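Required output: the full structure, derived from the provided sequences and hints.
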Amino acid sequence: MEGVRPLAPGSALARALARDRDRFNARVALAARRRDRGRLDPSRLACHLVERLAPVVEAVEAIAPRCVDAVCAALFDLSVDLVSREVLGAEGRHAGADAAWRETLPRLARHLAAAPGRVAAAVTNAALQLELEPTVNAAAWLDALAAAAPHCPDVDTLLAAGQVLAWRSGMAHWRESALEVWDRLPDGLASMVLGLDPAASPPRPELRRALDDPFRTPGAPPGDQVLRLLGTVGGFRGFGGPFLAPPRLASDGQRLWALDGADGFTLHADCFGRTVVRTQGAPAEPGAPAEALRLAPDGTLSYRGLTSRFPALAGARCCFAAGALVAVLPPYTHRVALVAVTKGAA
Amino acid sequence: MSRDRFLQISQAPTRPAPAAGATRFDVADLYRGPAEAGGAAEASGLPLDEKLRQAYFWVTNHAIISPFYDVEYTDGPAEQIRFGDQGVEVTLPSDQSYSSYVLLPLLNLAVRRRCLLVGGPGRGKTTIAVLMGLLAGYSLRDIKRGIQHGQPQMTVSDLLGNPLPQSLLAAKEMDEVKIAWRRWLSMRVKIVDEYNRIPTRTQSALLTVMADDYAEVFDQIYECPKAAWYLTANDDAGGGTYQVIEALRDRIDVVVKALHFNTRFLGELLARIEEDVRPEELVPPGIVFSQDELDRLQKEVLAVEFPAPLRRRLEFFASHFEFLEPAARQLEYQTKDTFKLSGLDPSTLAGGDEGKDQVADLGPQTRNGLSVRALMTSLVFCKAMAYFRGARTVSFEDVRQMLPFVLHDKLVQNPDAPWFEAAGHAAYRIDRVSWIRSLFALSCREYDRLDLDREDPVGALAEEFSKGLEGLSEKVVRDRLVKVERSLKKLAAGRKMYGHLFDDVLLLKVLHQRYSNYLRWLRWKG
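So the protein lines, in turn, are chains A and B. For the first sequence, the working numbering gives the first residue as 5, with consecutive numbering after it. For the second sequence, the working numbering gives the first residue as 17, with consecutive numbering after it.
If you are wondering where the hints come from, they were derived from the structure by calculation, not from laboratory data. Model, not experiment: these values are computed from the prediction. For each residue, glycine too, the CB sits at the ideal point set by N, CA and C. Fair warning: there could be bad hints in the mix.
To be verified - Rough simulated footprint, nothing fancy, chain B against chain A, three-plus residues with beta-carbon under 8 Å:
1) 80–91
2) 125–132
3) 170–179
If you want it as structure tokens, here you go:
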């Protein structure tokens, strides 16, 4: 095919394809005819196989030559499916998924050998999910996963580590479930996924207690309790944010909500990031602002016996609290400011 | 038609349950997306009952054209429409329902029993058995090579294996003879095609493998692993080239009829011909079970609870059939088995049934009672059905649906019974599935009429006994004996003896004996 670098005949992938040629050809022929899951472009597939799949198969052959055929079959099928749907092989469209195959999968050879389809599908899907979140660095997550891989004895642990790393990358709404996963990780890995040196990390129980404060960075010493402005979330949809109109704030006692008239969004924040998530079940009424929550016109915020002045909040007329998190809507903006009650240092 | 549609697996959940509670943000969502893992060994923790259902739907949607829902479940009122001169009712089930032709072989795979597939030639009996083998992880090649084809020249050696000639010549003792065992003996899905064409002598060898999981040749034993068996035959009457020996027939746990081909689906056949599609070559890896999963599946099925009240109904149902009053003078011997062993012609039996309510007395409709084996198989398949539907407790409907298939060959019909002469009952002589369902319905009606859920004095006495005799005083034991005797007299007072009473009377006799022995011992102890 024009423009496609040929596959080296002696390469691990070439040999694996040759061994089961009929099956792979049938797979491609069928995919080229079907309509309901995209249309397969053979040249795009060929390019993907040479540029992305071949290095992965080489990496697997180097450490587990007996698994090459199984890895090749699983990843070939996955490649055919994803190239058909233009998730892979479409230049620039899903950079995260492409980076996952280019940079990360070759570094996960041991885990791929154990469960090729599962690992490749999980990493691809994760990359796609994370690149949708503007505040998250999907490439950093891929790199962190590859760095953690040698410390993961099996596929389940690798994928669990990946989940915790995703939360740590800034997916604050996954905090609660990610902590359940973190609790099950082995000690050294548990420190590593939090960005701590396992040799210098506090003992596990102490680390777990520190994680009870969502706004305190793990490993950092506690300070006095203060109100801390975390930053803003949201924005106008026309500029890449989620809101169609300046949102109204609400609280159901457990979560903070932003309602833009069309959809409801929950607001999440912790020491690793802040997210806005479209969510079903928005409260019908905004709810009463929390007791002892006061916001003065000059931006002085009082909550839970603490008081701080935030000039950026001056003129805001609306604020709600849920637990240790306060949402404030400054004037003339689609962005919501978040303030936390925390003992963690800024 | 695209072959890729054969690779599609029904999306979980296949039995949706209403969600509850506020949205929970789950980090597991990280790995959800357009990329699909596939591969049985890589399954990310899908519950096995869900996987079993996915396998069922794949087979019915893509492999076997069996657009039937003869295993009907309803969730609330179900519309019924009458057709034809006989007023046959067509029910539109309101809950998820199933084709017996696919469901029963799949349940058989889960519980590793013996399934007989019957039907005319070319109806897919062997195909469904092959599919079960593929779902168990065997390759198509291994499955096909492992099928034992019944034919009149089949010898024991053909079935089990041959002694190695060299060892046969060199051996001085029998145990020195090495046997080249047939490979199929080691398989955990065993298929015997047209088992009623196997010669009688070879059937005996097959019986040993089926019943006791071992093969014997020249005093050498090969222990076979526990397997799911699939036997096929063109009829289920035990006829064929050779009469099937009764012991072999009795080992069959469930009988499944190959349902006819609905001609409205001819287009599907045409598409398969044109595309050269053979679904058995396209089984998606995601629904293939590993050995480990099959082991776990069986354990999970057996752990399904069988509630006591439902078990009591099944006991009542089973109690109808064994009793035959004219068969003997001693109560314990008044059974159909006693009569059968006598070898006498049934027409020599006179009377015994006069005045009995034909609705309450179901015994005359059968020529035999239920064996222990049949009862145990019933319990297992009821559990399997509940498990398949995602329940952890057997329901009444599970029992009602499974009994006809499990007892199909176990309850031998007495077609001369007066009940079959009643209007509209003639078809039950042929349609044994419906016949057994009607038996169960009649039994339950009688059970409800007797209000046995609330008033079961014999059961209460048995329950009292089950708490043990330890520490009971003479007075208490004597009081209990009086209660047992009173209960017996009450049962005897002017009532006809029906099957369920027969078992109750025998139970009371057991209790009386046990209490009497204990009383004797107490007195001896002083």
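Right, here's what the structure says about each hint:
Restraint check on the segment 80–91 of chain A versus chain B: 6 residues with Cβ-Cβ distances below 8 Å, three needed, restraint holds. Under the rule that three or more residues need a Cβ within less than 8 Å of chain B, the assignment of the segment 125–132 of chain A holds, with 6 such residues. Interface restraint, the segment 170–179 of chain A with chain B: holds (5 residues with C-beta to C-beta distance below 8 Å; minimum three).
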